[in-house]
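Put chain H on the given structure of chain W with help from the hints.
As given, the protein sequences belong to chains W and H, one line each in that order.
Per this note's numbering, the very first residue in the first sequence carries number 587; after that it's consecutive.
Per this note's numbering, the very first residue in the second sequence carries number -2; after that it's consecutive.
The set of hints was computed from the structure by calculation and includes no laboratory data.
Keep in mind that a hint or two might mislead.
To be verified - Within a straight-line C-alpha distance of at most 25 Å, the following computed SDA-like cross-link-like pairs (lysine to any residue) qualify: (1) K250(H) with V719(W); (2) K53(H) with R100(H); (3) K669(W) with R100(H); (4) K250(H) with N716(W); (5) K87(H) with E708(W); (6) K250(H) with V720(W); (7) K250(H) with A709(W); (8) K250(H) with A712(W); (9) K669(W) with R157(H); (10) K250(H) with I717(W); (11) K53(H) with Q707(W); (12) K121(H) with W44(H); (13) K250(H) with A711(W); (14) K250(H) with P703(W); (15) K250(H) with L710(W); (16) K669(W) with S9(H); (17) K250(H) with Q707(W); (18) K250(H) with K669(W); (19) K669(W) with V16(H); (20) K250(H) with G714(W); (21) K669(W) with V254(H); (22) K669(W) with L155(H); (23) K250(H) with G646(W); (24) K87(H) with D204(H); (25) K250(H) with S701(W); (26) K669(W) with A158(H); (27) K669(W) with G159(H).
Each chain is listed here by its residues.
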Amino acid sequence: MRRAVVATVATAAGLALLLGYKSGGGTKAVNSATGSSPTTTSPSATPGATSPPPTTNGAGTTAYTSQLVSYAFGDIQLTVDIKENGSRSSDRITAVTVPRNDAFGPRSQMIDEESVPVLVQEALAAQGVNIEVVSGATFTSDAFIQALGQVLQEAGK
Amino acid sequence: MNPELCGSYTRSVAMMGTVFSFDLRAPASARAAAAQAVDAAVGWLRWVDNNFSTYKENSAVNRFDRGELAAGDVASELARVLALCHQFNKESEGYFDAWAGGRFDPSGVVKGWSIEAASELLNKCGFADHCVDGGGDLRLRGLARPGTRWTVGLRHPLQRAGLAAALALGAGAVATSGTYERGTHVVDPMTGRAATDLAAVTVVGPDLVAADAYATAALAMGARAPDWLCGLCGYESQVITPAGRGWSTPGFKRLRVA
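Chain W with its partners taken away, still in its complex shape (with noise of 0.2 Å):
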């Protein structure tokens, strides 16, 4: 029944009723892409594709770009940051970014009330603001584990 209704999904995405859910899936959700369900809509690199190249800053984190990677619908890219520490088992993954998702479709300007200002924690601290716990969506997707495996083998990690 559920590979029926993700096949559904996949080829006629306007006729279900879908909603997205961060991790944990949810109500009115059929998550595209998790790696428990079995599904018509793996994702898989665009072919032809290259990742561009890595590209390193001053101090010594370096950000690995994946390829475009094709899920049910659209495309996703990940830039992943490695800080090299002299040997792989000590590379930490400082930060994973999203810097194309083609799904994110046209934007629309409904609510226009105000720029919301960007804090960044270091200077929250520094006006004596220390923030104890950080609320935001996680990501879950077997596109998005897929790209993080194709950077992390590009660097060799």
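This is chain H only, laid out in the frame that chain W set:
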């Protein structure tokens, strides 16, 4: 009061496909008891994972979905989850639907419900000041330090390592839903089109099940979200668009420290 006088016991555990973190505020002399309390909370969450995972063949949820458990036979915990699914389906005007994927999948309420219970368990163990973080959804109790509320950062959906707000909170829940890091496609059920109006919705209020359900429903509502969020009693919220514009309830602004 000097924060050094008040200790903190913390632990992070991978469960339910994400990372849970516990932060109990108590004197150093209570460290062993704090570890025991967290052991109990972790045990409870693992039990929930085993019984409510849709990915585990013989979980109670899957047996219920296959008709092997009648509604009258299910354990009280599953009955409670079923009731919550019905309640929030109604409250969210149908945007929240545990049956929409073609099978029964209550994951959207299970995480918040199990974190609520874990927090209550810690409280009953004598740790009235704590924070439970389940993959970015938070349940706070008591104070961070004597006389000082918890300071909670809201991750900025568009800026790496940036926060969109910092809030000072006492007891309560914080849930954030976003399209910025998602593995699932978001479609507005009313139009059938991708719901890309909003990058993130954060809801703050007394109960994590409700906050989580409201945040996710609002994300799918898109442009309608502010009107709907304004009508929620006891819950304050902030909405951020993909262009980096924001809207928040008047009450939400009063929670901000930065």
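Is the hinted pair K121(H) and W44(H) satisfied, with a Cα-Cα distance of at most 25 Å? Cα-Cα ~19 Å, so holds.
Restraint status (C-alpha distance of K250(H) to G646(W) at most 25 Å): violated (40 Å)
Within a Cα-Cα threshold of 25 Å, do K250(H) and Q707(W) meet the stated pairing? Judged against 25 Å, a Cα distance of about 19 Å means the pair holds.
For the pair supplied as a hint, K250(H) and A709(W), is the alpha-carbon distance within the 25 Å limit? holds (20 Å)
With the threshold set at 25 Å, check whether the alpha-carbon distance from K250(H) to I717(W) stays at or below it. holds (17 Å)
Between K669(W) and S9(H), is the straight-line Cα distance small enough, at 25 Å or below? Measuring from Cα to Cα gives roughly 23 Å; hence the hint holds.
Holds or violated: K53(H) with R100(H), Cα cutoff 25 Å? Measuring from Cα to Cα gives roughly 14 Å; hence the hint holds.
Just to be careful, I want the Cα atoms of K250(H) and A712(W) compared with a cutoff of 25 Å; is the pair within it? This hinted pair holds, its Cα atoms lying about 22 Å apart.
Do the alpha carbons of K250(H) and G714(W) lie within 25 Å of each other, as the hint requires? Since the Cα atoms of K250(H) and G714(W) sit roughly 19 Å apart, the hinted pair holds (cutoff 25 Å).
Check the hint pairing K87(H) with E708(W) against an upper bound of 25 Å on the C-alpha distance. Violated: K87(H) and E708(W) sit about 43 Å apart, past 25 Å.
Take a quick look at whether K250(H) and K669(W) sit within 25 Å of each other, Cα to Cα. Outside the cut-off at roughly 37 Å; violated.
Sort out whether L710(W) lies within 25 Å of K250(H), counting only the CA atoms. holds (17 Å)
In this structure, the earlier hints numbered 3, 5, 11, 18, 21 and 23 are contradicted, and the remaining ones agree with it.
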